[in-house]
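Peer 1: Next come the chains, spelled out residue by residue.
6 protein chains.
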Amino acid sequence: MKRIDNRSFDELRDIKITRNYLKHPQGSVLMEMGDTKIICTAMVEDRVPPFLKGTGSGWVTGEYSMLPGSTKNRKIRDAARGRVEGRSQEIQRLIGRSLRGVVDLSQIGERTIWIDCDVIQADGGTRTASITGGFVALVDALNWLYEQGEIKYIPISNFLSAISVGIVDDMVMLDLCYEEDYKASVDMNIIMTDQDELVEIQGTGEKNSFSKEQLYKLLDLAEKGNRVLIAKQKESLGKIGDLIGKSPNTEGEEDEQ
Amino acid sequence: MKRIDNRSFDELRDIKITRNYLKHPQGSVLMEMGDTKIICTAMVEDRVPPFLKGTGSGWVTGEYSMLPGSTKNRKIRDAARGRVEGRSQEIQRLIGRSLRGVVDLSQIGERTIWIDCDVIQADGGTRTASITGGFVALVDALNWLYEQGEIKYIPISNFLSAISVGIVDDMVMLDLCYEEDYKASVDMNIIMTDQDELVEIQGTGEKNSFSKEQLYKLLDLAEKGNRVLIAKQKESLGKIGDLIGKSPNTEGEEDEQ
Amino acid sequence: MKRIDNRSFDELRDIKITRNYLKHPQGSVLMEMGDTKIICTAMVEDRVPPFLKGTGSGWVTGEYSMLPGSTKNRKIRDAARGRVEGRSQEIQRLIGRSLRGVVDLSQIGERTIWIDCDVIQADGGTRTASITGGFVALVDALNWLYEQGEIKYIPISNFLSAISVGIVDDMVMLDLCYEEDYKASVDMNIIMTDQDELVEIQGTGEKNSFSKEQLYKLLDLAEKGNRVLIAKQKESLGKIGDLIGKSPNTEGEEDEQ
Amino acid sequence: MKRIDNRSFDELRDIKITRNYLKHPQGSVLMEMGDTKIICTAMVEDRVPPFLKGTGSGWVTGEYSMLPGSTKNRKIRDAARGRVEGRSQEIQRLIGRSLRGVVDLSQIGERTIWIDCDVIQADGGTRTASITGGFVALVDALNWLYEQGEIKYIPISNFLSAISVGIVDDMVMLDLCYEEDYKASVDMNIIMTDQDELVEIQGTGEKNSFSKEQLYKLLDLAEKGNRVLIAKQKESLGKIGDLIGKSPNTEGEEDEQ
Amino acid sequence: MKRIDNRSFDELRDIKITRNYLKHPQGSVLMEMGDTKIICTAMVEDRVPPFLKGTGSGWVTGEYSMLPGSTKNRKIRDAARGRVEGRSQEIQRLIGRSLRGVVDLSQIGERTIWIDCDVIQADGGTRTASITGGFVALVDALNWLYEQGEIKYIPISNFLSAISVGIVDDMVMLDLCYEEDYKASVDMNIIMTDQDELVEIQGTGEKNSFSKEQLYKLLDLAEKGNRVLIAKQKESLGKIGDLIGKSPNTEGEEDEQ
Amino acid sequence: MKRIDNRSFDELRDIKITRNYLKHPQGSVLMEMGDTKIICTAMVEDRVPPFLKGTGSGWVTGEYSMLPGSTKNRKIRDAARGRVEGRSQEIQRLIGRSLRGVVDLSQIGERTIWIDCDVIQADGGTRTASITGGFVALVDALNWLYEQGEIKYIPISNFLSAISVGIVDDMVMLDLCYEEDYKASVDMNIIMTDQDELVEIQGTGEKNSFSKEQLYKLLDLAEKGNRVLIAKQKESLGKIGDLIGKSPNTEGEEDEQ
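Residue numbers (the numbering used here), protein chains in the order written: chain A, 44 to 300; chain B, 44 to 300; chain C, 44 to 300; chain D, 44 to 300; chain E, 44 to 300; chain F, 44 to 300.
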């Protein structure tokens, strides 16, 4: 049985990662997954939130927004409402938290790296594509700090990507487009490292509950998808990607932070 | 190896569900899990959000807040800041979404049932205790509508409870108290029905990533915990609990909504 | 002629003051007057508002809020509206101002003591009960500072309590419940010390104006009520209460501040 | 013993009531008490708040603000802060509540009369001068409705004015200027009708508590001040003032509303 | 004397207008002027602001925002601040007002056309490029309505474009890039029609005042620039552009509205 | 052909500049142009915005607001809406920007001069009258600093005034009153110095576009109006005005800043 866009159940949409998309940010990526298009930027600020002042440690944080023209019905701006809507807050907390999970913040000095994910066209999976693209922008920004001589190595322990999976018409599926997502009875976002380890899992039975067995199937599918995404990230980053996971003296020390 | 409070790894804290805690709301529960204490109320309003007007269908929504005195360091009020903080928004979205998952909204008329969860004392697990206690308050409010003759039966498909699990010092643990939660490398909240089905799963590798095998162990632990919680809910609701999952003519129709 | 709940015109409702109600705050009280129930906490913060920095003097401030389930019709959260409503602001200004009236702020160091009054069930008289209960929580917090050796004595000059009085159906009444308050033509809140001195008086002719003679009668009634309340506070505080009004060397010096 | 500005303890400052100060509002008054200057306007809007829709009854509400240049240190605008500060909210609630106390709202139709009090120069007593001047603007607006044939009479039961009294250096005083107010140990605002009846009393022991005897003295002083103010209002309103308190058929019926 | 980027004083930067840039909006344009890149979308909503309800007339309104990564130093989001900053408000009022100037709003039915201009890369002239690009998106949206049979013709009277001019180092210049704009002593934005008529002029002596003669020179330069821009718009719109300015029966009637 | 109020096309309304209107601000002016009445104050604060800290330079900023009673239909307060409306923001940015254009900020020390313009009665031209009156208040505040010995001279390079011009019924007109402004097809505000130089020009074809020739005519008219206004400013300031444009040693150096 074929899907709306003729993909098989375990097939990702076309992925395109365009680095250096903008001229100002230290890292900037146009992340495309099918019709979903997101500008992910990473910008370095020489300042940390109050709770980190004087600690010598840095911070990575995310912000997420959808352009008014990104959706079928015009998306009202958060600024016009005077507050960031709950869904966006949830997503930006997720972006920041998961990226921090693979960065050794103690190695970047008292700096904040802002990961901004602005959806210019939405067709499902915007939060996961934000993380996958945001990771690449983050690596570029850290590499910029490295090339400036500000840090001694790129303090990232692992590659990180994210993908959505779900159950639609009782069928498990990888990388849901908007129409599938809308119909899905179960919707799940899974963030993994290149070691096939989980960093975050969020699954919701939107219309139905689901069994542990279904969860296991979805996990396997997500693992498959994340492997492909990480391969794409590696291809896109080229030699810079080779520096990831390699601290100057020891390995894996970032796990102890 | 014993835990901070001498529990074994798979042991819940003391649970106490006090129904009819307040006189005004249609449903009100004081939910206690160890030192975590939450007032959960369910109030019926004869009005629905704009997107439901004229549909004949109702709504269940959640709000969550912590009293200033509920935490070690005084919690600043959202109202004083002029906005609901991200974490609270995330939790109230979770409460509403998971409870809606077991209610047949088409059977409650154009009404909103507000589930308010106000933490008066926090010691870890406040979001899961809010859901477990909120479910009981919701049943009481629906029973009130039923007794008023406003609805024909209690349109809830399944019992629902939630519990936290996590990995602390490389050990999987059930029902983390604040001190454990603070040290946990993996933190997970799992919402299940009395059919052992999942309604929501949210897991984060706060400091470490985690393997699928670890996830499976955590799931088993959560299943065990939720079974106990649902038994407590049943005990507390008594005869009213017997009405759950039983629509007047057919069964399972709430799955089709 | 008897009142709604069979009290005589000069009779208070049942009063219950439960100290140490919560585990985190330095002072915490469950204050009950009939069906009105309020959690009053006092928390010490090692920081003062900008206008006091460097003065060596401290601050006492109040916040007041009603839980959504505290009223017959669900009370919308201030946080959801994005601002504290006028009535709450008025009340929290009153709580802070009247408690500051009996504390020698110059003796508590550059600290803020936050008095939070959260109404969990409302049946009239919430602002006066907040003050009566908040006073006890404040004493406990100051006693905690004293026991920690942070201050040399409990710098409170007098006991302080508050009560509502009013005119309902042309009859003066003490301690109005919600139903009486709703019908009252004159509504007054009076805050007094154990020396029968006034700290604050606020009276409104909601539907009628009132004469000076009626005001005098209401004052006498309030005096009677406050005496009972202060006796209850003393009973509840026990030996700690004996320390009030006694500075180490002289008496009454708090009047000169 | 003379006061700062050589007045005797029971003497008001110079009072000036300039009617028709602005061309747009139905009623507009420049209210001056010494150096305190307030523009009080009354504007009629053919709309009521939601809770009055369909009742046939109208509403009177007050707003209060201080111009940035009205005080010694520039007053930050509420609009710049994004919210009305607590003190202003308290005052505008007081203005609205006390004026409503002498209007028969059932006789003005479904209209809102907005009383705006904008302090252009502050020297103490701004809230009481707002009420005294706002009352005159309100009468003019009601008279405008009457002349338009929209209402059958001016549905005001009594004249209403307000004055501050206080205790400064142990001396009771009438009509405190800013410097006196700043030093006062007791500060009180009293709103009265031309029948010497109280509509609102608000007294605070800012630095000291006070006895009932002192309260009685302050009341007598306020009564004296309000009599003078009401005489000024009558003088200013001329023939229009004669219409107050006279409903077409009966008298005093506004007391029964 | 050459400019920073070797242009002559009266030379525009490279212009690129990419229509149909996004799939959801009825009109969408990627507007590029040198390194300035803006996504301009036009979306049709079947609703008008309250003041137009029942008039049969429609509305065109603009919103403007800069992505955080569009500038050298990260641009803080308006949403994070809780309000649209003054500069953005000024620009979005300008976009809406100038576009409304060439649309016959009475011919589009009770619809709002939202023109959203989101700057993804900024290098000066973002407000004028927003108008030039927004005009093209607006035409596409109106053409979409026309093709749907919802309107009888494209009710636009004239082409409209905008350009910045200024005085830098005492030299008049066309189309300032950021570095020139930063140094400019006079900065002016001019919006014109294809009839060489002015729709809006905004000029500021940022550091110097300027003479009428200098103003005349700037106007001539802007006229030259706008002619080129309008030629580009025509080229980009092709046949659709031929429909502009042609109402079915008469000409120029849009002037009378 | 005569205008609504019988003025000729190039005639200003009656101008009245009342200095020292209020007692607290260092500069305060009641600015009247016909029925338009604005209180303009200038207040000195010993503090600068963050971006100027440590630079030794000062700041001049403007705020603008309309009193609720200043307009025919009551103007809702910005504070009640929780934000400054777009129009007001635009105007206050204009006031600050244009006044800064004639002040040598490096000569006033690290101080902010707040120019507050509060419209008490509106009849067109409020923004230009705010600038004309605000300029006089600013001079008075600078003179106060000069008299205090805080600055060595009054660091203002030129007189500055502003006037509106427009096209109404195809006729160019000077100083539009509200009724004319409402009907105008072109509306322009022009700010000039006493050297007949432009500081700001803002013109909008509200209903029609306009030609360069029309623009030139409007400019000539504005020049004429501003000359009269500056003469009035000079008359009002008397000897203080003679100090303007005269730095102690050289002339015109403020142009180089």
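Since the hints were made in silico from the structure, they are not lab data.
Each hint should be verified, as a subset may be incorrect.
Below are the BS3-like pairs computed for lysine-lysine, each with C-alpha atoms no more than 27 Å apart in a straight line [to be verified]:
#: 1; chain 1: E; residue 1: K282; chain 2: E; residue 2: K226
#: 2; chain 1: F; residue 1: K66; chain 2: E; residue 2: K289
#: 3; chain 1: C; residue 1: K267; chain 2: D; residue 2: K250
#: 4; chain 1: D; residue 1: K118; chain 2: F; residue 2: K250
#: 5; chain 1: D; residue 1: K96; chain 2: F; residue 2: K118
Peer 1: Does each hint hold? Answer for all of them.
Peer 2: Here's how the hints hold up against the structure:
Using a Cα cut-off of 27 Å, the hinted pair K282(E) and K226(E) is violated, with the two alpha carbons roughly 41 Å apart. Under the criterion of a C-alpha separation no larger than 27 Å, the hint pairing K66(F) with K289(E) is inconsistent with the structure, at around 62 Å. Distance restraint check for K267(C) and K250(D): the Cα-Cα separation of roughly 24 Å lies within the 27 Å cut-off, and the hinted pair is therefore satisfied. The hinted pair formed by K118(D) and K250(F) fails the criterion: a straight-line CA distance of about 40 Å is larger than 27 Å.
A distance of roughly 22 Å separates the Cα atoms of K96(D) and K118(F); the hinted pair therefore holds under the 27 Å criterion.
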